[in-house]
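Peer 1: As a plain string of letters, each chain reads:
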Amino acid sequence: MKYIPTIGLEIHCELSTKSKIFCDCPVGFGGEPNTRCCPVCTGMPGTLPVLNETAVQYTVKAGLALNCEINEFSKLDRKNYFYPDLPKAYQISQFNLPICINGGLKINTSEGEKFISIERIHLEEDAGKLTHDGFDKFSLADYNRCGVPLIEIVTRPDLSSSEEAKDFVEKVRLMILYSGVSDCRMEEGSLRADVNVSVRPYGTDQLGTRTEMKNINSIKAIVRAIDSEIQRQSVLLDEGKRIIQETRRWDDNKGESKSLRSKEDAHDYRYFPDPDLVPVTFSKEEIEALREMLPELPNKRFEKYTTVYGLSEADANLLLSSVSLSDFFESTTDECGNPKAATNFIIGEVLRRLNDSNLSSDLIPFSGNVLGRLIKMIENEEVTANNAKKVLAEMFDSGKEPEFIVSENGYKVINDINEVENTVKEILSKNEKAVSEFIEGKEKAFGFLMGQCSRALAGRGNPKVIQEILRSELNKCKGDL
Amino acid sequence: MDITKLTIKEARTLLDTKQISAVELTTIYIGRIKNLDNKIDAYLSVSEDSALEQAKVAQGLIDNGKSTMLCGIPLSIKDNICIEGTKTTCASKMLEDFVAPYTATSVNKLHADNAVILGKTNLDEFAMGGSTENSAFKQTKNPFDLTRVPGGSSGGSAASVAASLALGSLGSDTGGSVRQPASFCGVVGMKPTYGLVSRYGLVAFASSFDQIGPIAKTVEDCAILLDSICGHDPRDGTSLKYKSDSSYASSVSGNIKGFKIGLPREYLSEGLNSEVRASLYKSIDTLEKLGAKVEEFSMPSLKHAIPAYYLISSAEASSNLSRFDGVKYGYRADNCKSYQELIGRSRGEGFGREVKRRILLGTYALASGYYDAYYNKALKLRTLISEGFEEAFTKYDVVLHPTTPETAFKLGQNTDDPLTMYLADIYTVAVNIAGLPSISLPCGYDLNGLPIGLSFTGKPLGEREIFRAAATFEADFADKFRFPAI
Numbered sequence: 016m017k018y019i020p021t022i023g024l025e026i027h028c029e030l031s032t033k034s035k036i037f038c039d040c041p042v043g044f045g046g047e048p049n050t051r052c053c054p055v056c057t058g059m060p061g062t063l064p065v066l067n068e069t070a071v072q073y074t075v076k077a078g079l080a081l082n083c084e085i086n087e088f089s090k091l092d093r094k095n096y097f098y099p100d101l102p103k104a105y106q107i108s109q110f111n112l113p114i115c116i117n118g119g120l121k122i123n124t125s126e127g128e129k130f131i132s133i134e135r136i137h138l139e140e141d142a143g144k145l146t147h148d149g150f151d152k153f154s155l156a157d158y159n160r161c162g163v164p165l166i167e168i169v170t171r172p173d174l175s176s177s178e179e180a181k182d183f184v185e186k187v188r189l190m191i192l193y194s195g196v197s198d199c200r201m202e203e204g205s206l207r208a209d210v211n212v213s214v215r216p217y218g219t220d221q222l223g224t225r226t227e228m229k230n231i232n233s234i235k236a237i238v239r240a241i242d243s244e245i246q247r248q249s250v251l252l253d254e255g256k257r258i259i260q261e262t263r264r265w266d267d268n269k270g271e272s273k274s275l276r277s278k279e280d281a282h283d284y285r286y287f288p289d290p291d292l293v294p295v296t297f298s299k300e301e302i303e304a305l306r307e308m309l310p311e312l313p314n315k316r317f318e319k320y321t322t323v324y325g326l327s328e329a330d331a332n333l334l335l336s337s338v339s340l341s342d343f344f345e346s347t348t349d350e351c352g353n354p355k356a357a358t359n360f361i362i363g364e365v366l367r368r369l370n371d372s373n374l375s376s377d378l379i380p381f382s383g384n385v386l387g388r389l390i391k392m393i394e395n396e397e398v399t400a401n402n403a404k405k406v407l408a409e410m411f412d413s414g415k416e417p418e419f420i421v422s423e424n425g426y427k428v429i430n431d432i433n434e435v436e437n438t439v440k441e442i443l444s445k446n447e448k449a450v451s452e453f454i455e456g457k458e459k460a461f462g463f464l465m466g467q468c469s470r471a472l473a474g475r476g477n478p479k480v481i482q483e484i485l486r487s488e489l490n491k492c493k494g495d496l
Numbered sequence: 006m007d008i009t010k011l012t013i014k015e016a017r018t019l020l021d022t023k024q025i026s027a028v029e030l031t032t033i034y035i036g037r038i039k040n041l042d043n044k045i046d047a048y049l050s051v052s053e054d055s056a057l058e059q060a061k062v063a064q065g066l067i068d069n070g071k072s073t074m075l076c077g078i079p080l081s082i083k084d085n086i087c088i089e090g091t092k093t094t095c096a097s098k099m100l101e102d103f104v105a106p107y108t109a110t111s112v113n114k115l116h117a118d119n120a121v122i123l124g125k126t127n128l129d130e131f132a133m134g135g136s137t138e139n140s141a142f143k144q145t146k147n148p149f150d151l152t153r154v155p156g157g158s159s160g161g162s163a164a165s166v167a168a169s170l171a172l173g174s175l176g177s178d179t180g181g182s183v184r185q186p187a188s189f190c191g192v193v194g195m196k197p198t199y200g201l202v203s204r205y206g207l208v209a210f211a212s213s214f215d216q217i218g219p220i221a222k223t224v225e226d227c228a229i230l231l232d233s234i235c236g237h238d239p240r241d242g243t244s245l246k247y248k249s250d251s252s253y254a255s256s257v258s259g260n261i262k263g264f265k266i267g268l269p270r271e272y273l274s275e276g277l278n279s280e281v282r283a284s285l286y287k288s289i290d291t292l293e294k295l296g297a298k299v300e301e302f303s304m305p306s307l308k309h310a311i312p313a314y315y316l317i318s319s320a321e322a323s324s325n326l327s328r329f330d331g332v333k334y335g336y337r338a339d340n341c342k343s344y345q346e347l348i349g350r351s352r353g354e355g356f357g358r359e360v361k362r363r364i365l366l367g368t369y370a371l372a373s374g375y376y377d378a379y380y381n382k383a384l385k386l387r388t389l390i391s392e393g394f395e396e397a398f399t400k401y402d403v404v405l406h407p408t409t410p411e412t413a414f415k416l417g418q419n420t421d422d423p424l425t426m427y428l429a430d431i432y433t434v435a436v437n438i439a440g441l442p443s444i445s446l447p448c449g450y451d452l453n454g455l456p457i458g459l460s461f462t463g464k465p466l467g468e469r470e471i472f473r474a475a476a477t478f479e480a481d482f483a484d485k486f487r488f489p490a491i
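Chains as they are written, first to last, in the working numbering: chain A, 16 to 496; chain B, 6 to 491.
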C-alpha cells in the first residue's frame, strides 16, 4: 500500500440504567412505539430534565475501566439542531468539560501491542427513531429511545487499520460489558460507532483530509466501512484528485458509502451550558469509591487465566468472551479448585451444549459452583467421567442438582471391594474362553473382560479398582493352572 | 363586603367564620369576570366549571374544620404555567390550541391547598415584553386607566388582581415580569430567590432567570401564596433543597427598627421620572421614620445589567423555543413540501415579532465565532453583578429602588421602539441576573393617579427581610392605598 491510513473512532454506547437520563421512563428495546415516554422526554413545553445519578456513575465506571481521568467538575451542555427525532430541538450532551478524559487501552497488532488513546468519554441523551418506509407523504416518530443515556467514547486518531479498529472496539466492548454499565448489544443499536478516516502517502507526516461515517452498528460493518474508505481515498489520491472533508453514509448492504454533507454544510450547534442542570461534581473519595465498586475487568482476568491458571490464550479469550461465561468459569473454579478441569468441562461440554441449543451463556440453567461440585465428584472418584457427562446433560434438561441425579440414576461409583470382587468372579466364571485366551497371553481378552465387568456394575465401578481386582483374580486363575 | 378591597387574609376569615361560602365567593369572582373582563381583558380562558367544583370541595373541607390558608381562595394563573387538560397558550399563536398534558408543580401545590383556579391570564407572548402588548390574542388594559398598559409580561395577572377579578395570581418573572406589572397596576408582586419555587410546568423563557412569583393586594397575601408554592421539587434540577423554619406569612409582623437599607446610586440617574423620584424620596422618609437607616451606595456593575440580561435571556430563549418546530405540538404551517419548510414556515407564522427578535438575538449571541464576544462576556458581567450585590449585602439588610423609571405608559406608545421598552426593565433585571428575591409594592401615585412601585431586594433566601420591610412600609401607607374604579 502506498498510503498510511489514520483512523479515529467515536463509539456510542447506551447505558443500561433502569430509567432514562432525565426522567423516570424505563429504558428498553423494541415494543410499541411511544409507550416509554412522558412529557419530559418528549420535550413538552415547561418540562425540565433531572439528571439520573446512576447514569453519571456508570459513565465514571466506564471511564475508570478504560483508564480515564475523571473530571471533578464537569457540566452538561445543549447541542442545538433541528431534527424531528429530537423533540426539544437540542440534545443535552457535554461540550468542553466531559466527565472522563485521557484514557485508553492496549490492543494487539501484527507488530505487537499498541496503546490507543481515548481523548474523552462524555454523557448525553439518545434521540428517537424515525420511520420513513411505507409512507408516501409523511414519516412517523417513535420517542421511546429519546432520553436513553448514552456515552460517547472518542479516541485520538491512533488506529492505522481496520484490524486495529476491530480489536479496539472488541476490547472496549468487553471492558464496558465487564464494568456492568451497558449490555453493548450492537444488533439492538446499543453500541454504534462513527468512523473517521484519512490517508496520507508513505514518508509524509501531514495527515490527509478526513471523512466521517456515522452510526455503524456492527464490528463487521466497521471493518468493511474502514477498508472501503481507505480504498476510496487511495484511488482518489492515485488519480491526483482531492479528498473532500465530509460526512458520508455507510450502506453496509451495498458495501459502499455516499456523501451526506460537506464541511461547509456542517451545523453550528451553538453549544452552551444547559441552564436547567447544575454542574456534575465529584470528590476524589467518590471517584475512588466507584473504582472500588468495579468488578474484576477482563484484562486482569486474562492475566490471571494465562499466568496463574496456565490456560492457553485461546481458551482464556474464549472464556472471557462474555461476562456471564467468565463469571461462570470463576465460580466453577472457586468451587472445584481445578481451573484446567473447569476449562475443559466448560469449553468441551457446556459450550457445546449451548451451541447445540443456540443459547447464550447467560442462559445456563445452573450456576458455576454447581458444575464445580460435579467436577469435584469426578476428582473424588465418586462418579466416572463418562457418567458425569450424562449428569451434566440432565442438569441442562431438568436443572436438578448433580448429587440428586447421581443417586437417582445410581451413578455413584462402587468402591466396595467385595461387591467388585464378586462381580469379577462371576464374570470370570461365565467367560472361561476369554480367561483361557488371557492366560495364553492374549492381552486383548483383558479389555473384553474389563468391559464385561464394567457393564455388570452398570458403569458405576471405579475403573482402577476393577482393573486391579480383575488382574489379581486372573493371576489367581493362572496360578491355579 | 366590598369585594374590591378584599384580601386573601380577610377572605380566609369570612370563609372560616361562615360569613360566605367558598362557592359563593367563587361565583362572585366568576360574575365579575363575566361583567368586567371585557373592559380589562385580563383573562385568556376562564374555567368556570372546574373552579366551582374546586370551591365545593374546599367548602367541604371548611365545613369539616380542615381549612388551610388558601382553601377556597379564587386565584388566576398566568397562561405560561401548565394545568393538565387546559389550554396553555403563552399568548402565542404557536400554542393557540396546546392543551397541557400535565400540571406545573406550583399549581399542584395550590391544588393541594385547595385553592380555586379561576382561569389563565394574558401575557406578552412567551413572557417576552413589558406591556402585555405582545400577546397574540388580547390587549390587557391597566385597571387604573384603560388607555394604558398593565405592564408585563404578567400584565393579565396583575390586572386581574388590581381589578379584583381574582384574589391573587401566579405570574412569572424573568427580568421583572411580576414586579413591573404589579407596580403599574398598583398591587404587590414578588419574585422569590431563584430555585425557591419549582419551575416545572412553567414554559421556559430564560431558564436561569425564570421564577414563578405571587401577585396579590398585600404583602401578607403574597407571603401566604409563597408559603403554598415554595419548596424543593425533585422534578426541577435547579430547585433548592431549602426548607424554611417558619412560614413567610409570619415574617410580615415586626418592625424595621435598625434595618440598614441601601439605595444604589446608579438607579437614580437620568431616565428616572421626577414624580417617581419624588415618591421614592418620600418613601425613604417614611422608612427612616419607621426606624430604618437608608443610605446611598454605588454598584457600578449595575449599568451592565441590561446588556447582560438581554444577551443571556435571549440566548437561552433561542434554545428553549427551538422545540416549537411544528412537529409535535402547536402550530404547523399547511402544505409544506419539506421538513425545512415545515420548521421555517411554522415558526415564521407561529411566533410574533418580539419573540422572533429575541430568537435572532440569542442565536447570534451563541453562534460560534461570536460566543466569546457576547454570551461569554455576558456571563462575566453576570458574575460581576452577583458579586456587587454580595458586597452590598455585607452592609445592608435590604436594597431599595424604584421598581420602574416611569409609571404605566399609553397603549401603543412604545410598541415600535423595542429599546425604550427594554429600558423599562432597567431596575428589575439585575435581581434576576443575581437570582435574588425582590418585592414591589405601591408607594404613591403620580399626577395622573397612576400607581408608583417601590422595590425591596434581599440577599439569597432573604425573603423574610424583604417581606418585613415591605409589610412595615405598607402598614404606614395603607390609608393612602387606592383601588381602581372600573
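Keep in mind that the hints were calculated from the coordinates and are not lab data.
Ideal Cβ positions, reconstructed from N, Cα and C, are used throughout, including at glycine.
Fair warning: there could be bad hints in the mix.
What the hints assert, rightly or not - Which bits of chain A does chain B cover? Going by a derived footprint, with three or more residues having C-beta under 8 Å, they are:
hint, segment
1, 202-209
2, 291-297
3, 439-449
Claimed, not checked - Below 25 Å or equal to it, Euclidean Cα-Cα: the simulated SDA-like pairs (lysine to any residue) are:
hint, chain 1, residue 1, chain 2, residue 2
4, A, Lys90, B, Asn340
5, A, Lys94, A, Phe130
6, A, Lys186, A, Asp209
7, A, Lys152, B, Asn340
Peer 1: Looking back at the hints listed earlier, which ones does the structure fail to meet?
Peer 2: Of the numbered hints given earlier, those the structure breaks are 1, 3, 4 and 5, listed in rising order.
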